[in-house]
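Next come the chains, spelled out residue by residue.
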Amino acid sequence: MRRTRGILPGFGLSLGTSILYLTLLVLIPLAGVALRGATSHWEEIWRATTSPRAIASVRLSFTASIAAGAANAVGGLLVAWVLVRYRFAGRSALDALVDVPFALPTAVAGLALTAVYAPDGWIGRWLLPLGVRVSYTPIGVWLAMTFVGLPFAVRTVQPVLADLDTHLEEAAAVLGANRLQAFVRVVFPTILPAVLTGFTLAVARALGEYGSIVFISGNLPLRTEIAPLLIVSHLEQYDYSGATSLALVLLLASFGLLLSTNLLQRWSVRRLGPAAG
Amino acid sequence: MAFGEPIAIAPPLRQPSVTEPAPVRWLLVSAAGLLLGIFVLVPLAAVFATALRAGAGRYLAALLHPDARSAIGLTLLTAAIVVPVNAFFGIAAAWAIANFRFRGKRLLITLIDLPFSVSPVIAGLALVLVFGRQGWAGSWLEARQIRIVFAVPGVVLATAFVTLPYVAREVLAVLEAQGSTEETAALTLGAGGWQILARVTLPKIRWGLLYGIALCNARAMGEFGAVSVISGHIRGETITVPLHAQILYDQYDAVGAFAVASLLALMALFTLVTKKYVEWRSRPA
Numbered sequence: 001m002r003r004t005r006g007i008l009p010g011f012g013l014s015l016g017t018s019i020l021y022l023t024l025l026v027l028i029p030l031a032g033v034a035l036r037g038a039t040s041h042w043e044e045i046w047r048a049t050t051s052p053r054a055i056a057s058v059r060l061s062f063t064a065s066i067a068a069g070a071a072n073a074v075g076g077l078l079v080a081w082v083l084v085r086y087r088f089a090g091r092s093a094l095d096a097l098v099d100v101p102f103a104l105p106t107a108v109a110g111l112a113l114t115a116v117y118a119p120d121g122w123i124g125r126w127l128l129p130l131g132v133r134v135s136y137t138p139i140g141v142w143l144a145m146t147f148v149g150l151p152f153a154v155r156t157v158q159p160v161l162a163d164l165d166t167h168l169e170e171a172a173a174v175l176g177a178n179r180l181q182a183f184v185r186v187v188f189p190t191i192l193p194a195v196l197t198g199f200t201l202a203v204a205r206a207l208g209e210y211g212s213i214v215f216i217s218g219n220l221p222l223r224t225e226i227a228p229l230l231i232v233s234h235l236e237q238y239d240y241s242g243a244t245s246l247a248l249v250l251l252l253a254s255f256g257l258l259l260s261t262n263l264l265q266r267w268s269v270r271r272l273g274p275a276a277g
Numbered sequence: 278m279a280f281g282e283p284i285a286i287a288p289p290l291r292q293p294s295v296t297e298p299a300p301v302r303w304l305l306v307s308a309a310g311l312l313l314g315i316f317v318l319v320p321l322a323a324v325f326a327t328a329l330r331a332g333a334g335r336y337l338a339a340l341l342h343p344d345a346r347s348a349i350g351l352t353l354l355t356a357a358i359v360v361p362v363n364a365f366f367g368i369a370a371a372w373a374i375a376n377f378r379f380r381g382k383r384l385l386i387t388l389i390d391l392p393f394s395v396s397p398v399i400a401g402l403a404l405v406l407v408f409g410r411q412g413w414a415g416s417w418l419e420a421r422q423i424r425i426v427f428a429v430p431g432v433v434l435a436t437a438f439v440t441l442p443y444v445a446r447e448v449l450a451v452l453e454a455q456g457s458t459e460e461t462a463a464l465t466l467g468a469g470g471w472q473i474l475a476r477v478t479l480p481k482i483r484w485g486l487l488y489g490i491a492l493c494n495a496r497a498m499g500e501f502g503a504v505s506v507i508s509g510h511i512r513g514e515t516i517t518v519p520l521h522a523q524i525l526y527d528q529y530d531a532v533g534a535f536a537v538a539s540l541l542a543l544m545a546l547f548t549l550v551t552k553k554y555v556e557w558r559s560r561p562a
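Heads up: the protein sequence lines correspond to chains A and B, in order. All residue numbers for the first sequence refer to the numbering used here, where the first residue is 1 and numbers rise by one. All residue numbers for the second sequence refer to the numbering used here, where the first residue is 278 and numbers rise by one.
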């Protein structure tokens with residue numbers, strides 16, 4: 001056994017430290033949520049998750065985050081394509097902008113989006129005459145979710161696109177395909193797993209997002225209240241069962257998304273070889 | 278004709294095109310630029326514009342207010358504890374995963390990623406359920422008069438939870454890309470474990486480590502959801518910089534809120550500069 005493990009020293013120490021730290025900080029607290037859910041009455045969980053307010057918040061969380069993931073899949077593919085395939089002035093700056101939502105604290109993002117898209121904001125004032133209100137509406141929730149998910153969508157597609165061999169596209173061109181045909185029939189099927197992975201990651205990020213949405217959504221129950229926000233308001237009233245029940249719904253969704261990311265990764269590896277993993 | 282000289286091949290009749298016509302290219306680049314400009318650059322600029330709207334004096338006053346100073350102090354303290362601990366964990370985990378074969382490795386990687394996929398609010402809730410008054414450890418802690426929830430230790434724990442994966446992911450990526458041949462060579466030359474770590478591995482991973490630390494630090498200083506749940510919002514005690522920005526905003530002090538937020542935005546920009554620098558340093562020569 002010991003021989004096959006590797007010959008460098010420090011296996012026990014490094015693995016032991018990692019597992020101990022993970023257990024204390026992550027596993028025990030998360031197990032606490034699961035156990036709290038398992039030990040509370042089903043009636044309580046049922047009541048907490050089927051109240052009109054809970055259903056509205058969960059529905060908004062899911063629809064808005066899926067819509068945000070879809071927008072990011074399209075926008076992310078566009079940005080990744082432009083960054084990988086074209087050379088132009090300001091490319092490096094554009095590349096740096098992609099990471100801003102990742103590095104910018106979510107509360108700052110929330111404040112910034114609220115300021116810009118408020119009815120008197122830099123962009124909001126142009127949207128208002130078109131009848132589009134962003135702040136205090138589900139559109140604001142979607143916008144904030146799209147903002148935080150964008151880097152995930154771009155950065156999962158970008159390396160796969162960069163590794164893509166252009167010989168296949170050359171072959172398609174020689175065989176008479178135009179660029180659109182080559183993209184739809186050759187490039188897109190190859191990068192599809194990466195696009196879907198980016199979509200899944202963006203949805204997962206959006207589903208749990210709290211900081212940036214609090215500011216722009218206005219937190220109106222039944223209208224713009226997302227599930228994480230309802231958890232917080234349960235907690236503020238010391239309703240731990242209510243908070244835990246909703247948290248379990250979100251946790252299950254997160255695990256489902258995590259699992260599908262792993263499956264997508266495997267599909268991607270099968271399709272493109274280990275380099276794409 | 279010298280031996281080995283390439284034989285001229287007739288050029289293909291038409292070079293197969295693998296790029297788009299110029300107008301399409303231009304259109305796509307503009308669309309991407311417009312998207313990122315409106316969506317990312319404008320909000321970022323709005324932070325600084327709003328913060329400085331009432332002049333530099335008002336801006337500085339907001340930053341020098343005692344509440345702001347105590348929030349900055351707590352945020353710096355939290356980062357000073359969390360970042361080294363998570364960096365240490367990240368190096369240990371990456372060392373174990375990259376250098377050894379063992380059962381459950383995939384599971385370990387998934388667990389390290391877990392804080393990425395758990396909502397920060399749920400992270401806060403989980404810690405409240407364990408360490409809160411009603412929690413598992415609650416009565417034990419209360420008997421010893423140790424406060425974690427609604428106190429500084431809770432803020433630190435919540436921050437550590439959400440920033441746990443960053444260093445581990447970055448360092449692991451470097452170690453897996455470079456393999457462990459150099460470490461093995463050092464071992465055969467008689468180096469011990471700590472010597473290998475200090476003389477071979479750390480220099481090898483330094484740029485990845487630096488970026489991981491920068492990301493971990495950015496997230497630690499900016500964490501909102503998890504900290505908001507566990508902090509209890511005690512004035513002058515458990516208010517971090519992002520929480521202080523929210524409090525000011527709720528009091529309709531937009532300039533103050535954005536002034537405080539601009540500190541965090543500057544830190545984010547600094548993180549991105551670090552990333553560019555790291556990319557430039559670790560580019561293959």
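Just so you know, the hints here were simulated from the structure itself, not pulled from any lab data. Treat the hints loosely; a few may be bogus.
Said to hold, decoys possible - Not the full set, but computed from the structure, chain B residues with beta-carbon under 7 Å of chain A:
(1) Ala299
(2) Pro300
(3) Leu304
(4) Val306
(5) Leu313
(6) Pro320
(7) Ala370
(8) Leu540
(9) Leu543
Stated by the list, open to error - Looking from chain B toward chain A, a few residues come up when the C-beta cut is under 7 Å (computed):
(10) Leu305
(11) Tyr336
(12) Val407
In this text, a Cβ means the ideal position worked out from N, Cα and C, and glycines have one as well.
Problem set entry | In rising order, the numbers of the hints this structure does not comply with | 1, 2, 3, 8, 9 and 11
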